[in-house]
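Chains as they are written, first to last, in my numbering: chain A, 1 to 325; chain B, 1001 to 1338; chain C, 2001 to 2335.
Calculated from the structure, these hints are not laboratory results.
Any given hint could turn out to be false.
Derived, one-sided and incomplete: chain B residues facing chain A with beta-carbon distance under 10 Å [unchecked claim]: (1) L1056; (2) K1087; (3) D1099; (4) N1105; (5) L1108; (6) T1168; (7) V1178; (8) V1188; (9) A1192.
No farther apart than 27 Å at their CA atoms in a straight line, the calculated lysine-lysine pairs in the BS3-like style are these [claimed, not checked]: (10) K1087/B x K1073/B; (11) K1071/B x K1087/B; (12) K1083/B x K240/A; (13) K1087/B x K122/A; (14) K240/A x K1073/B; (15) K122/A x K1139/B; (16) K1087/B x K1139/B; (17) K1083/B x K1073/B; (18) K240/A x K1071/B.
Label-pair ranges, simulated between beta-carbon atoms [to be verified]: (19) S269/A x A2140/C: 25 to 35 Å; (20) I66/A x A2072/C: 54 to 64 Å; (21) G2192/C x P1061/B: 52 to 62 Å; (22) Q45/A x G2294/C: 35 to 45 Å.
No experiment lies behind these values; they were computed from the predicted model shown.
Ideal placement from N, C-alpha and C gives every residue a C-beta, glycine not left out.
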Amino acid sequence: MLVYLIRRIGQSLLVIAVMAVLVFLAVYAVGDPVAILANPEATQQELDAIAARLGLDRPLWEQFAIFVWNALQGDLGTSFVYSESALTVILERLPATMELAFVALVLSILIGVPLGVIAGLKPDGLAGRTIMSTSILGFSLPNFWIGLMLILLFAVELQWLPASGRGDTVDVLGVPLSMFTLDGLSHLLLPAFTLALYKSSLVIRIAQAGTREVMLQDYVRFARAKGLSPRRIVMVHVLKNMMIPVVTVLGLELGSMIAFAVVTETVFSYPGMGKLLIDSINRLDRPIVVAYLMLTVFIFVIINLVVDMLYAAIDPRVRLSEAKG
Amino acid sequence: MTTPVLDVRDLQVTFSTREGLVTAVDGVSFRVDAGEVMGLVGESGSGKSVTGLAVLGLIDPPGRIAAGSIKVKATELVGQSEKALQKVRGKDVAMIFQDPMTTLNPVLRIDTQMIEAIRAHEQVSEKAARERARDALAKVGIPSPEERLNAYPNQFSGGMRQRVAIATALLNRPAVLVADEPTTALDVTIQAQILSEVQALCAETGTALVWITHDLSVIAGLADKVAVMYAGRVVEEGPVADVLERPIHPYTAGLIGSVPSRNKRGVPLAQIPGMTPQLSKLPPGCPFAPRCGYSTDPCRTIRPERTPYPGGRAARCHNPLDVPPNTPKADAARELTP
Amino acid sequence: MTDLTPHAAARPVAGPAAGMPQSAGRPGEAAGASDKGVPPPAPDKGESLLRRHVSSFFESWSAIIGLVLLVASVAAALLAPWFAPQDPYDLANLSIMDNMLPPGEIFGMGQTAYLGTDDQGRDMLSAILYGLRVSLTVGASSVLIAAVIGASLGVLAAYAGGRVESFVMRVVDLQLSFPAILVALVLLAVFGRGVDKVVIALVVVQWAYYARTVRGSALVEKRREYIEAARCLALPRRRIVFRHLLPNCIPPLIVVATVQIANAIALESTLSFLGVGVPVTEPSLGMLIANGYGYLLSGNYWISTFPGVALVIVIVAINLVGDRLRDVLNPRLAK
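Based on the provided sequences and hints, a complete structural model is requested.
Rendered as structure tokens:
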């Protein structure tokens, strides 16, 4: 186990290193920030001065070395636009995105699991088939369009919910969260639902397949032979078995939810780090883009590592359910 | 004559498939008294497991009980609502299955799975139910049952899991226990232990036992009577010693001939030629006729009816085997026990 | 990271269960033939197989609807220059007087703007038809290129095995562990806007799917006798891989590729919506939606909504077709 852990951590570090090189090289090519920052009538000397201040006049490898050295000390550069540490700027917006992703994750389970179980219990029934074909739509329809339609319906036509922003927040352990205020919750609902729809299709599929599979297992037959009610069989025997793959997959998907929040946040003008990324790309604010990408890579690697560890830890039972899958 | 605890009459189970209606069980009748052990023998696909499931009302669509009657303690089960059946399952009729590795839910602890079986039928406290579960585990020979209650199934060996399943099935002292090849997946030594344990437990509580198997040697040492199934029908029935010693139906004789035994060392094992027929394509006459060495013209055109024979026996055959009166007194039943 | 994505990778391999030829193969065939009144399989295997696939495809109503919608969309996109009411990108045609007309109003030379006009007085119907062209082109061409690259690498990995295989699959795993949207976003931020650049970005994010799919089926095919036979004939390696192995891995590839076209179109529209996709001069459906987004809140719903509807129709149609193709080409998955 320890050897496995060390090897896995080594792999993760390698991934981070590779991504650091790729990210740096890629972002280095994004436009010329000097031209954006400088006064249009600036002289060449002034331009050079700005470049020198930002360290853009040094050779590429030197910039990279400085980048790595600073990154190891937790400094991912200073935002051109905000004149603040890029990491600080992003971390300020991290709670909003995390909150959005988390609420969306919970929503996707609340939507996906019951529907998936219904579809799995009666796969050939009308309800089951409707749920499954609708879930294809959830998969394939562009998320931003769903968001737009929800805005059109709930914000423009019905005027029930606000279309943009984050609303009031309260500090919980020093982290500003909006899900505990009514105003914040009303702002959170539409974007979280939009983000959740995509994943709930995935949850429906896993839950449906899982339910179908579990219902055919001998232990369900044995449970029925014991005289248990269908309710108990579904709520205890089926659900508990099915939640293992659902939670595993969703854990892995948390990363992609953070990434997908880029779209949702843009649609709903939600002040999270995804919207910050899009704004920074358009404003050529390199350090923010780099810091965002490094942070995301880091989050991804951590998530993968944790899920792998959990896999290894609950090995016998996971292997059992894997073998059946 | 007393009323049997399990009385199955003219049971017919059909499955609607893409190729049409398939009759998996056709006109099966048998009765089992309290404390009696009946063996239900047949190859895979003969309908023996479906019969067992039907007794529990566990035939799922596309299958259904098309005709017949199943009475447990004189109560009719066929046609009952799912709710009513739930009250019978696990209470009056219990069942254990073939593969102990899969009959227990891998993500639930043993205590959960046993206690729920009790509380599904009785209003007892969690604590009382747990005590009963512990006693039941002790009874099937599980060491330190109190600790084992907290374990997950994957912490048990196959034999131990089957013991847990048996203990669970017998928790509510059912009148009938249907055992669907519960020892097939186990080691031979453990098979024998479990066999005798189940037998003892059922004798103690007066539970009628229906033991489904493809293995005649298991039946020989265990059952009081036997019903041999082929292609959804009972082709021969009677007291186990008589049937094994003097089979009436050529199929039964074939089955007996294909069991390996000490006395036949060096002799090639007899086989029944051909394969089990597809239920959707049964011949019009006797389903066994194509594989039968004794088949005559009527066998291929007329379906044989159930014919009673002396000694509480019966068979469906146009050409019942003529048992020579002076067979050597080698007790076939004893010879078959391992 | 290899163990994180076992589900999709393991499925195709796990498909052919033991003992299936007798029980599963025969009745299915027989039923299939009798249902449609198709004569029993002719000795000419290749053709009857194709014909059977085609006729079984048309058994599903949703697949027929999907196909009709898809053909209509493709035709509309191809023929747009001939029957669109105006050329929406010829600025001489546009009149600012016609801007923001709701659906049904008269614009320009007395034509009806059935779907309204946008802020520059552009007929939305024409814009949508031209936008469809861009979206379909980007989707189809990126899938084609990605499929060729991915399939070649996948089949190579499966055939070569060893280090080549583990290297390719490592890259695939790495690629797939990052969400497509993020990778494409960064690439486009680097490259800048442009139809060709969007196609490149979509190829980069997609090739790994095909590589994995094809490797999966190639690993199964590799063990079949005909590959053994080809090896015994000492055929050149390249010939075995591309002429013998690859063609047999095509059906699953087609299924993945079909659905992937819809995903590519959706991703392209998302990128364009975010402002990093196609340029303003060649607006795709996603870009049209983005253009109208600002007017959505003020009640001028049509600028965003109709391109959205067109987008959804195309995506749903492709999915319906793809879904049916999966059932037809892989009867093992059909339940």
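So, going through the hints one by one against the coordinates:
For L1056/B, the interface hint holds, since its Cβ comes within 10 Å of a Cβ in chain A; the closest pair sits about 5 Å apart. Proximity of K1087/B to chain A holds as hinted, the smallest CB-CB distance being about 7 Å (cut-off 10 Å). Against a cut-off of 10 Å between C-beta atoms, the interface hint on D1099/B holds, since the closest Cβ of chain A lies about 6 Å away. This hint holds: N1105/B has a C-beta 4 Å from the nearest C-beta of chain A, less than the 10 Å allowed.
For L1108/B, the shortest C-beta to C-beta distance to chain A is roughly 6 Å, which falls under 10 Å, so the interface hint holds. The interface hint given for T1168/B holds, since its Cβ lies 7 Å from the closest Cβ of chain A, which is under the 10 Å cut-off. Hint status for V1178/B: holds, given a least beta-carbon distance of 8 Å to chain A, under 10 Å. The beta carbon of V1188/B is not positioned within 10 Å of any beta carbon in chain A (closest approach about 22 Å), and the interface hint is therefore violated.
Using the Cβ-Cβ criterion of 10 Å, the hint placing A1192/B at the interface with chain A is not satisfied: the shortest such distance is roughly 23 Å. For a cut-off of 27 Å, the pair hint linking K1087/B to K1073/B stands: about 14 Å separates their Cα positions. Simply put, K1071/B and K1087/B have alpha-carbon atoms about 14 Å apart, close enough for the 27 Å limit, and the pair holds. Note on K1083/B and K240/A: the hinted pairing holds, with a Cα-Cα distance of about 24 Å set against a maximum of 27 Å.
About 24 Å separates the Cα atoms of K1087/B and K122/A, which keeps this hinted pair within 27 Å; it holds. Between the alpha carbons of K240/A and K1073/B the distance comes to roughly 36 Å, so the proposed pair goes past 27 Å and is violated. A threshold of 27 Å between alpha carbons decides the hint, and for K122/A with K1139/B the separation of about 40 Å lies outside it, so the pair is violated. For a cut-off of 27 Å, the pair hint linking K1087/B to K1139/B stands: about 25 Å separates their Cα positions.
Note on K1083/B and K1073/B: the hinted pairing holds, with a Cα-Cα distance of about 18 Å set against a maximum of 27 Å. With a C-alpha separation of about 35 Å, the suggested pairing of K240/A with K1071/B is violated against the 27 Å cut-off. In this structure, S269/A and A2140/C meet the distance hint of 25 to 35 Å, their C-beta atoms being roughly 33 Å apart. One distance hint, 54 to 64 Å for the beta-carbon pair I66/A and A2072/C, holds here, with the actual separation near 57 Å.
Taken as a hint, the range 52 to 62 Å holds for the pair G2192/C and P1061/B, whose Cβ atoms sit roughly 60 Å apart. Range check, Q45/A to G2294/C: Cβ separation about 40 Å, and the 35 to 45 Å hint holds.
Of the numbered hints stated above, those contradicted by the structure are hints 8, 9, 14, 15 and 18, listed in ascending order.
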